[in-house]
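J.: Sequence:
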Amino acid sequence: MNRTVRRTKSAPHGGFQGFARETSQFLSELSKNNNKPWFDKNKDRFKSCVERPANDFASAFCERLRSAFPGMERVAGKIFRIYRDTRFSKDKSPYKTHIGIRFGEDEAKGCAAPFFYVQVEADRLWLVTGQKEFEKDALERFRNSVLDPVRGRELEKITGRLENAGLALQGEQYQNVPRGHDENHKRAELLKRKGLYVETDRSSPEDLYGPGFVDFCLRQFATGKPLYDWLRSL
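In terms of our numbering, the sequence shown opens at residue 1 and continues consecutively.
Incorrect hints may appear among the rest.
[Said to hold, decoys possible] Think about it this way: if two alpha-carbon atoms lie no more than 35 Å apart in a straight line, the pair counts; the simulated DSBU-like pairs of lysine-lysine are: (1) K186 <-> K225; (2) K157 <-> K92; (3) K132 <-> K36; (4) K92 <-> K136; (5) K225 <-> K78; (6) K192 <-> K225; (7) K43 <-> K32; (8) K157 <-> K90; (9) K136 <-> K192; (10) K157 <-> K192; (11) K136 <-> K90; (12) K41 <-> K92; (13) K109 <-> K132; (14) K41 <-> K78; (15) K78 <-> K43; (16) K136 <-> K225; (17) K90 <-> K109; (18) K109 <-> K36; (19) K78 <-> K32; (20) K192 <-> K132; (21) K194 <-> K92; (22) K192 <-> K92; (23) K192 <-> K90; (24) K36 <-> K47; (25) K109 <-> K92; (26) K32 <-> K96; (27) K132 <-> K186; (28) K194 <-> K225; (29) K96 <-> K36; (30) K136 <-> K109; (31) K109 <-> K192; (32) K43 <-> K136; (33) K90 <-> K32; (34) K47 <-> K132; (35) K225 <-> K132; (36) K90 <-> K132.
Just so you know, the hints here were simulated from the structure itself, not pulled from any lab data.
Make a model of the complete structure from these sequences and hints.
T.: Written out as structure tokens, the structure is:
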């Protein structure tokens, strides 16, 4: 399951009726039976309660984003494969125990472009808005924007409001302020960032199991969209 969803010809909400409670049950069982024989035996369950609703949700949410936010016509959803890349990992479990879907307007850059990410686990929901990493040129533009009196202050206000709303500000950062920049600058912590995003990690909401999950996620994205737009304008 590794698919980019760009357009849908489905009915409103893309035919998405919610994830089934069986989806949560399947992911819970997979975490306890993370092996190929079990997965092969339960492949039909995977297709019906994981793969199919994930595709329906991705299509429906893309459509909702395009209709709710003019200018996001190019948004696409990437559904990540259930199979883990274990080549460089000590953990050789072959399967992920969650559903991961990323929405953005520049899939070629992936996490190096602004995105909204939805991760459905057995009993948790993880939502992320922002940009996980800055490529070299984007990092320079980011730092220049942080230093800019207007743009930098705008970012401060955005991140402050998001933290006040209960979202956690995340992103890898350097230990020190980059060389050539004032370590006592009032936005020194932002200058250290290699990426910038906000996240919320919570128990699975009841909305997950119905068509209202599309609008639930839309509201979450709308909260973080000022950060998305700020990063988008770099």
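J.: Against each hint, give a clear statement of whether it holds in the structure.
T.: Tested hints:
1. K186 <-> K225: The hint holds at about 24 Å.
2. K157 <-> K92: violated, 43 Å
3. K132 <-> K36: Distance ~31 Å between K132 and K36 Cα, so the pair holds.
4. K92 <-> K136: holds, 33 Å
5. K225 <-> K78: holds, 19 Å
6. K192 <-> K225: holds, 22 Å
7. K43 <-> K32: Holds, at about 16 Å.
8. K157 <-> K90: Violated: K157 and K90 sit about 41 Å apart, past 35 Å.
9. K136 <-> K192: holds, 14 Å
10. K157 <-> K192: At roughly 18 Å apart (the allowed maximum being 35 Å), K192 and K157 satisfy the hint.
11. K136 <-> K90: holds, 30 Å
12. K41 <-> K92: Answer holds: K41 to K92 is near 20 Å, not above 35 Å.
13. K109 <-> K132: holds, 11 Å
14. K41 <-> K78: Given that 35 Å is the threshold and the Cα spacing comes to 26 Å, the pair holds.
15. K78 <-> K43: holds, 21 Å
16. K136 <-> K225: holds, 24 Å
17. K90 <-> K109: holds, 27 Å
18. K109 <-> K36: At roughly 32 Å apart (the allowed maximum being 35 Å), K36 and K109 satisfy the hint.
19. K78 <-> K32: This hinted pair holds, its Cα atoms lying about 26 Å apart.
20. K192 <-> K132: holds, 14 Å
21. K194 <-> K92: Measuring from Cα to Cα gives roughly 29 Å; hence the hint holds.
22. K192 <-> K92: holds, 34 Å
23. K192 <-> K90: Judged against 35 Å, a Cα distance of about 30 Å means the pair holds.
24. K36 <-> K47: holds, 15 Å
25. K109 <-> K92: holds, 27 Å
26. K32 <-> K96: holds, 12 Å
27. K132 <-> K186: This hinted pair holds, its Cα atoms lying about 23 Å apart.
28. K194 <-> K225: Measuring from Cα to Cα gives roughly 20 Å; hence the hint holds.
29. K96 <-> K36: Distance ~12 Å between K96 and K36 Cα, so the pair holds.
30. K136 <-> K109: Within the cut-off at roughly 13 Å; holds.
31. K109 <-> K192: holds, 22 Å
32. K43 <-> K136: violated, 42 Å
33. K90 <-> K32: Given pair K90, K32 holds - Cα atoms ~18 Å apart, limit 35 Å.
34. K47 <-> K132: Answer holds: K47 to K132 is near 30 Å, not above 35 Å.
35. K225 <-> K132: holds, 15 Å
36. K90 <-> K132: Answer holds: K90 to K132 is near 24 Å, not above 35 Å.
Hints 2, 8 and 32 from the earlier list are contradicted by this structure; the remaining hints agree with it.
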